[in-house]
Amino acid sequence: MADTGADGGHTMNPKRTEIVEELNRLMAEELEGFLRYFQMRYRLKGIDRLAADKFFSHAHEETLEHAEDIAKQIRSLGETPRLNIHLSAGGGPTTLTEALQETLAVEQQALDAYKEMLPRVVGDPVLEDFIRKQISTETEHVQEIKTLLG
Amino acid sequence: METWKEFDANELTHSAAHHLLAIHELGEQYGGWARVSDIARQLGITRGSVSINLRGLKKRGLVETDEHHMVRLSVEGERYVAGLTAKKAAVQAFLTDVLNVSALQAEIDSCKIEHLVSEETLERLNEFLVKWRTQERTVVTR
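These protein sequence lines are chains A and B, in that order. Following our numbering, the numbering of the first sequence begins with 1 at its first residue and continues without gaps. Following our numbering, the numbering of the second sequence begins with 1 at its first residue and continues without gaps.
With a straight-line cut-off of 35 Å between C-alpha atoms, the simulated DSBU-like cross-links for lysine-lysine are:
{"hint": "1", "chain 1": "A", "residue 1": "K72", "chain 2": "A", "residue 2": "K115"}
{"hint": "2", "chain 1": "A", "residue 1": "K133", "chain 2": "A", "residue 2": "K72"}
{"hint": "3", "chain 1": "A", "residue 1": "K146", "chain 2": "A", "residue 2": "K115"}
{"hint": "4", "chain 1": "B", "residue 1": "K112", "chain 2": "B", "residue 2": "K58"}
{"hint": "5", "chain 1": "B", "residue 1": "K58", "chain 2": "A", "residue 2": "K115"}
{"hint": "6", "chain 1": "A", "residue 1": "K54", "chain 2": "A", "residue 2": "K115"}
{"hint": "7", "chain 1": "A", "residue 1": "K133", "chain 2": "A", "residue 2": "K146"}
{"hint": "8", "chain 1": "A", "residue 1": "K133", "chain 2": "A", "residue 2": "K54"}
{"hint": "9", "chain 1": "A", "residue 1": "K115", "chain 2": "A", "residue 2": "K133"}
{"hint": "10", "chain 1": "A", "residue 1": "K15", "chain 2": "A", "residue 2": "K133"}
{"hint": "11", "chain 1": "A", "residue 1": "K15", "chain 2": "A", "residue 2": "K72"}
{"hint": "12", "chain 1": "A", "residue 1": "K54", "chain 2": "B", "residue 2": "K59"}
{"hint": "13", "chain 1": "A", "residue 1": "K146", "chain 2": "B", "residue 2": "K58"}
{"hint": "14", "chain 1": "A", "residue 1": "K54", "chain 2": "A", "residue 2": "K146"}
{"hint": "15", "chain 1": "B", "residue 1": "K59", "chain 2": "A", "residue 2": "K115"}
{"hint": "16", "chain 1": "A", "residue 1": "K45", "chain 2": "B", "residue 2": "K59"}
{"hint": "17", "chain 1": "A", "residue 1": "K54", "chain 2": "B", "residue 2": "K58"}
{"hint": "18", "chain 1": "A", "residue 1": "K115", "chain 2": "A", "residue 2": "K15"}
{"hint": "19", "chain 1": "B", "residue 1": "K59", "chain 2": "A", "residue 2": "K146"}
{"hint": "20", "chain 1": "A", "residue 1": "K146", "chain 2": "A", "residue 2": "K45"}
{"hint": "21", "chain 1": "A", "residue 1": "K146", "chain 2": "A", "residue 2": "K72"}
{"hint": "22", "chain 1": "B", "residue 1": "K58", "chain 2": "A", "residue 2": "K133"}
{"hint": "23", "chain 1": "A", "residue 1": "K133", "chain 2": "A", "residue 2": "K45"}
{"hint": "24", "chain 1": "A", "residue 1": "K72", "chain 2": "A", "residue 2": "K54"}
{"hint": "25", "chain 1": "B", "residue 1": "K59", "chain 2": "B", "residue 2": "K112"}
{"hint": "26", "chain 1": "A", "residue 1": "K45", "chain 2": "B", "residue 2": "K58"}
{"hint": "27", "chain 1": "B", "residue 1": "K112", "chain 2": "B", "residue 2": "K131"}
{"hint": "28", "chain 1": "B", "residue 1": "K59", "chain 2": "A", "residue 2": "K133"}
By construction, these hints were calculated from the structure, which means they are not laboratory data.
Working from the sequences, and respecting the hints, build out all of it.
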């Protein structure tokens, strides 16, 4: 949880540093997802692409929005977002089922990451609310993909 | 022979080999099981990347997962890691003991090579090291 000083501003402490590091990791997860979804739209072909383009376009936009939201949270803690990504997204054409399975793996990890973050921010009204919303959103995503996979 | 094509014929990529090594190391603390978050931290990549890479390793029967998204090496995965560790040790010993390469550089270079070395080469390298040590040959000096 982040400490707040008499002026309501955040004060530096080791716990806050950890939270910022964790937020940076979450931002990297979201931005990597953004890049993966971008590529995924072009790995799908024919009828699969037609069927899933809207889904992946939406996912692509939403992950960027999530990354923006996290960056804003980092900024509100008085820090600058730091991005550490080592991504080499290979892979040729894929099927819709494969694409959704890959997406489920990524979304499930994002959900787990937010869930693990929650205990660290309990008591901080802003961050706790933010992480809870993210958990809710990611839970919906995971459920949606599971439903699509049948 | 078109040797360059051999790189594509390798069992696993360098990255995949390091995923297996990370699972092995982390698993030593928790009865063989490792968390995706810890693997990601150890390798300096995102959980999403680890998760996608694990799918490939799972398909090859090298890792197993449970309902809590924990990961461990399969018997085949353990065998692969044991082979990898043996190859790294042999290459490292050759570089330090025979070629007099510094310990740090030998560590780096053996890490790059370990997953590319064949079983036959490992066997011959170990035979050579045994003979070389017995005969106490002079190391390569710089």
